[in-house]
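Work the whole structure out from these sequences, hints included.
2 protein chains.
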Amino acid sequence: MTWGDRGVQADRGVQDQADRGAQDLGNRRAHDLAAGLSELGCRALLVVAQSASDPDLAPFLGARAHLGAALLVAPREGRPRLAYLNPMEREEAAATGLLLVTPEELETLRAAREAPEPAAYLAWVMSRALAASGVAPGRVALAGLAPAGEIHSACAALARQGWEWVAGNELVRLVRKRKTAPELAAIRAAAGAAVDVMRALAARLAAARGIPGGHAGSAGGELWLDGRPLTVGRLRGEAARLLADRGVDQPHGNILAPGGEGGVPHSAGSDGRPLRAGEPLIVDLFPRGAWRERPLMFADCTRTLCAGEPPPAVARAHAAVLRALAAARSLAVPGARGWDLQEAVCLTFEEAGYATPLRQPGTTTGYVHNLGHGIGYELHELPIFRKVAGAEGVLAEGDVFTLEPGLYDPAAGWGVRLEDLCYLGPDGLEVLTPLPYDLDPRRWTLDP
Amino acid sequence: MTWGDRGVQADRGVQDQADRGAQDLGNRRAHDLAAGLSELGCRALLVVAQSASDPDLAPFLGARAHLGAALLVAPREGRPRLAYLNPMEREEAAATGLLLVTPEELETLRAAREAPEPAAYLAWVMSRALAASGVAPGRVALAGLAPAGEIHSACAALARQGWEWVAGNELVRLVRKRKTAPELAAIRAAAGAAVDVMRALAARLAAARGIPGGHAGSAGGELWLDGRPLTVGRLRGEAARLLADRGVDQPHGNILAPGGEGGVPHSAGSDGRPLRAGEPLIVDLFPRGAWRERPLMFADCTRTLCAGEPPPAVARAHAAVLRALAAARSLAVPGARGWDLQEAVCLTFEEAGYATPLRQPGTTTGYVHNLGHGIGYELHELPIFRKVAGAEGVLAEGDVFTLEPGLYDPAAGWGVRLEDLCYLGPDGLEVLTPLPYDLDPRRWTLDP
Numbered sequence: 020m021t022w023g024d025r026g027v028q029a030d031r032g033v034q035d036q037a038d039r040g041a042q043d044l045g046n047r048r049a050h051d052l053a054a055g056l057s058e059l060g061c062r063a064l065l066v067v068a069q070s071a072s073d074p075d076l077a078p079f080l081g082a083r084a085h086l087g088a089a090l091l092v093a094p095r096e097g098r099p100r101l102a103y104l105n106p107m108e109r110e111e112a113a114a115t116g117l118l119l120v121t122p123e124e125l126e127t128l129r130a131a132r133e134a135p136e137p138a139a140y141l142a143w144v145m146s147r148a149l150a151a152s153g154v155a156p157g158r159v160a161l162a163g164l165a166p167a168g169e170i171h172s173a174c175a176a177l178a179r180q181g182w183e184w185v186a187g188n189e190l191v192r193l194v195r196k197r198k199t200a201p202e203l204a205a206i207r208a209a210a211g212a213a214v215d216v217m218r219a220l221a222a223r224l225a226a227a228r229g230i231p232g233g234h235a236g237s238a239g240g241e242l243w244l245d246g247r248p249l250t251v252g253r254l255r256g257e258a259a260r261l262l263a264d265r266g267v268d269q270p271h272g273n274i275l276a277p278g279g280e281g282g283v284p285h286s287a288g289s290d291g292r293p294l295r296a297g298e299p300l301i302v303d304l305f306p307r308g309a310w311r312e313r314p315l316m317f318a319d320c321t322r323t324l325c326a327g328e329p330p331p332a333v334a335r336a337h338a339a340v341l342r343a344l345a346a347a348r349s350l351a352v353p354g355a356r357g358w359d360l361q362e363a364v365c366l367t368f369e370e371a372g373y374a375t376p377l378r379q380p381g382t383t384t385g386y387v388h389n390l391g392h393g394i395g396y397e398l399h400e401l402p403i404f405r406k407v408a409g410a411e412g413v414l415a416e417g418d419v420f421t422l423e424p425g426l427y428d429p430a431a432g433w434g435v436r437l438e439d440l441c442y443l444g445p446d447g448l449e450v451l452t453p454l455p456y457d458l459d460p461r462r463w464t465l466d467p
Numbered sequence: 020m021t022w023g024d025r026g027v028q029a030d031r032g033v034q035d036q037a038d039r040g041a042q043d044l045g046n047r048r049a050h051d052l053a054a055g056l057s058e059l060g061c062r063a064l065l066v067v068a069q070s071a072s073d074p075d076l077a078p079f080l081g082a083r084a085h086l087g088a089a090l091l092v093a094p095r096e097g098r099p100r101l102a103y104l105n106p107m108e109r110e111e112a113a114a115t116g117l118l119l120v121t122p123e124e125l126e127t128l129r130a131a132r133e134a135p136e137p138a139a140y141l142a143w144v145m146s147r148a149l150a151a152s153g154v155a156p157g158r159v160a161l162a163g164l165a166p167a168g169e170i171h172s173a174c175a176a177l178a179r180q181g182w183e184w185v186a187g188n189e190l191v192r193l194v195r196k197r198k199t200a201p202e203l204a205a206i207r208a209a210a211g212a213a214v215d216v217m218r219a220l221a222a223r224l225a226a227a228r229g230i231p232g233g234h235a236g237s238a239g240g241e242l243w244l245d246g247r248p249l250t251v252g253r254l255r256g257e258a259a260r261l262l263a264d265r266g267v268d269q270p271h272g273n274i275l276a277p278g279g280e281g282g283v284p285h286s287a288g289s290d291g292r293p294l295r296a297g298e299p300l301i302v303d304l305f306p307r308g309a310w311r312e313r314p315l316m317f318a319d320c321t322r323t324l325c326a327g328e329p330p331p332a333v334a335r336a337h338a339a340v341l342r343a344l345a346a347a348r349s350l351a352v353p354g355a356r357g358w359d360l361q362e363a364v365c366l367t368f369e370e371a372g373y374a375t376p377l378r379q380p381g382t383t384t385g386y387v388h389n390l391g392h393g394i395g396y397e398l399h400e401l402p403i404f405r406k407v408a409g410a411e412g413v414l415a416e417g418d419v420f421t422l423e424p425g426l427y428d429p430a431a432g433w434g435v436r437l438e439d440l441c442y443l444g445p446d447g448l449e450v451l452t453p454l455p456y457d458l459d460p461r462r463w464t465l466d467p
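Here the protein sequences come in this chain order: A and B.
Residues 20 to 467 in the working numbering are what the first sequence lists, from first letter to last.
Residues 20 to 467 in the working numbering are what the second sequence lists, from first letter to last.
Because the hints were derived from the structure by calculation, they are not lab data.
One thing to keep in mind: the hints can contain errors.
Copies of the same chain look alike in the list, so a pair counts if it fits in one copy or across any two.
As the list claims (entries may be wrong) - Under the rule of at most 25 Å between Cα atoms (straight-line distance), these lysine to any residue pairs were calculated in the SDA-like manner:
{"no.": "1", "residue 1": "Lys-406", "residue 2": "Ala-134"}
{"no.": "2", "residue 1": "Lys-406", "residue 2": "Glu-370"}
{"no.": "3", "residue 1": "Lys-406", "residue 2": "Gly-327"}
{"no.": "4", "residue 1": "Lys-406", "residue 2": "Gly-354"}
The following block contains the structure:
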């Protein structure tokens, strides 16, 4: 079985990269997918996608695709086929190198007349894509992201024609857990941009000056830079511009959470909020490679910065988080369970006197979340660090994941998090986001 | 029934905007939703979303939300509730102003232990979110974007407990077809950025110089600017930087398609491709407001530019497309069907001797697509311009949509498309992307 056969001329550099990726896919992923389908008792995988960036479709597409709604049929034996719905996308579909099912074969014009209602149209193209790929009614694994009500109605209608549907999203997540060479290259590129921009933001903070006694009741004076207050929104704007300069975008935004906003890990931070001396700022960047690299992959890294003297509790938490991160990195080897690392980090924190979810599930003070997450086509994918039994929770060579311990005290108004993006390669763990860990951004400029 | 009750302090400007939006929603959308649910015989709407940017969830959220997976339950009578899954998102959830169902009420920790498999976990939180919102088992409309296999399995499992699922995505599309004041403001902001950047790209093309006899077999010489060849990739990079400067991103990329690549409407264009004098370039920008404006809304506009003398066929097509666009605009009034406009444009083109899908369905030469599409939380939403019977194909006051006739000759190697983003307001049709239409970018600089 070969995937992504390259029958079509395309941009040369992209083509070379895609060839290597296709080979990777052909060698390992096709095997993993076939084995997974056997285990589920399915004759094929059907991916229903809204666009080429669907995380279950993108791994099949190779270098380049600008596609709207599309389906992919991967029979347990034989090559996968891409069914596209819009005749205007014929060149983009051809550039994927996949075998194609055309809109004409799907009879989309007839479907628009005879089954215009969205769920009926979806059922129509699903059954025709399967038939055109040589898959007869039977048990099929279903993946992709789809309109919830419409996909359920379509599946229920097709069940009356002999189709039986099995949840296949997790299978595709497992198949794409270990990264191919072009996927890793794209993650490296996005990570490089995040590293550059994190350094630039630290330099801005290092250059800012506190206005003594700025704001009543604040930890310290407001930070000013170039004659203007340095706000969360201003720093967020600079981050967006600098990331765009490097060809990456931020489909899920970012986190720039000062003081108490950083005390709740997923708070994005308020743009109008001024930054203050002596107050920690959590900077969590999770951009996605945009127009320069294909495939489109996420990167993710976090630092906590504090211009001016940090409160003792923050300095102490920062040191504890740094130790926890080092402990987690040392345990991240192939075959380790994510949960083992999470437990080790919890014990590290408990020894230092912080609450953790190990003994206090649901705690909102101390260490309050999981250690990390896989990353790739999605910001959060496999491996996971929860207590689970299966392969989704076991680290393997080729995995890319974050390690991001943190400590939080929302009542006292602070949070500290440090996050490395890691690749578990043939030579061990590699940190893809090499950056200083210092709280004080002025120390960053001393670091080469 | 009131939606988006604002019980929580937030950024003041954002709050004001959200209040107006909530009022709009309260006045009209809640009524439309309740009527739609009645028609479907449903006691509630359930939206299952992967993030706050889910197009079926976002309209309920008001000004700001940084949320991962979440559910929304809108009973036919009573206020909607947001069920969030991650305790770390409590501040972000609270900032939506919606009634909340907490992770504790959903028993997510217990679910992770007792129903760790993704479809079982999903079924768990769906049934608990409904119960916590006072909805007893029965007929429910389902919307949102979800993992296809998992949502189907979850629905099938819940059906055995008395739940009956009806496709609800189209209902939400209809409810959000007419834009609220904050939605329109956000579209205007994104459209303003697209207009600025289109002008900047035209200025770059106007400043470029053709190198005579540049490339063998080309239409004309390659274009150079500042001592370097002007390629698709270079222009695409400038577009990304300039858009980011304005706080918008491009989750679906863009189209910069020269010559033959522009002959197929959805071809994105190859970055390595040099631009040439006398060759039309389709520039189609469809950015989304990013970090400055909430809600996140798309804009969309297209121009066709040609530095140097255009081939006569291209100049003729451009004039015909411009006439078709004017005809479409003049017919775009409340109550008109999108299909009526499409037919009128087809007739305009047929009179000028071009093939259209009206007489030649599936043609790939001439006018080969529909006239436009609604736009908002998604790049493509309602109204639609296909031949359909329902309200989804009828223009109404408050709609925002594109009008984008084009002509294509892939064999001859060219395409021409002009696209206006339009708002059907109380005072008639307003073009949100006011730009020159000239093929020649040097004429753009003469235009104020």
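> Are the CA atoms of Lys-406 and Glu-370 at most 25 Å apart within a copy, between copies, both, or neither?
Replying inline: This pair counts as within: shortest intra-copy Cα distance 21 Å, inter-copy 68 Å.
>> When Cα atoms must be at most 25 Å apart, do Lys-406 and Ala-134 count as within-copy, between-copy, both, or neither?
In response: Between copies only: 12 Å across chains, 45 Å inside a chain, cut-off 25 Å.
> Taking 25 Å as the upper bound on the Cα-Cα distance, should Lys-406 and Gly-354 be classified as within, between, both, or neither?
Replying inline: Cα proximity of Lys-406 and Gly-354: one copy only (15 Å, versus 57 Å across).
> Is it within, between, both, or neither for Lys-406 and Gly-327, if the alpha carbons may be no more than 25 Å apart?
Replying inline: neither (40 Å within a copy, 65 Å between copies)
Hint compliance for this structure: hint 3 alone is broken.
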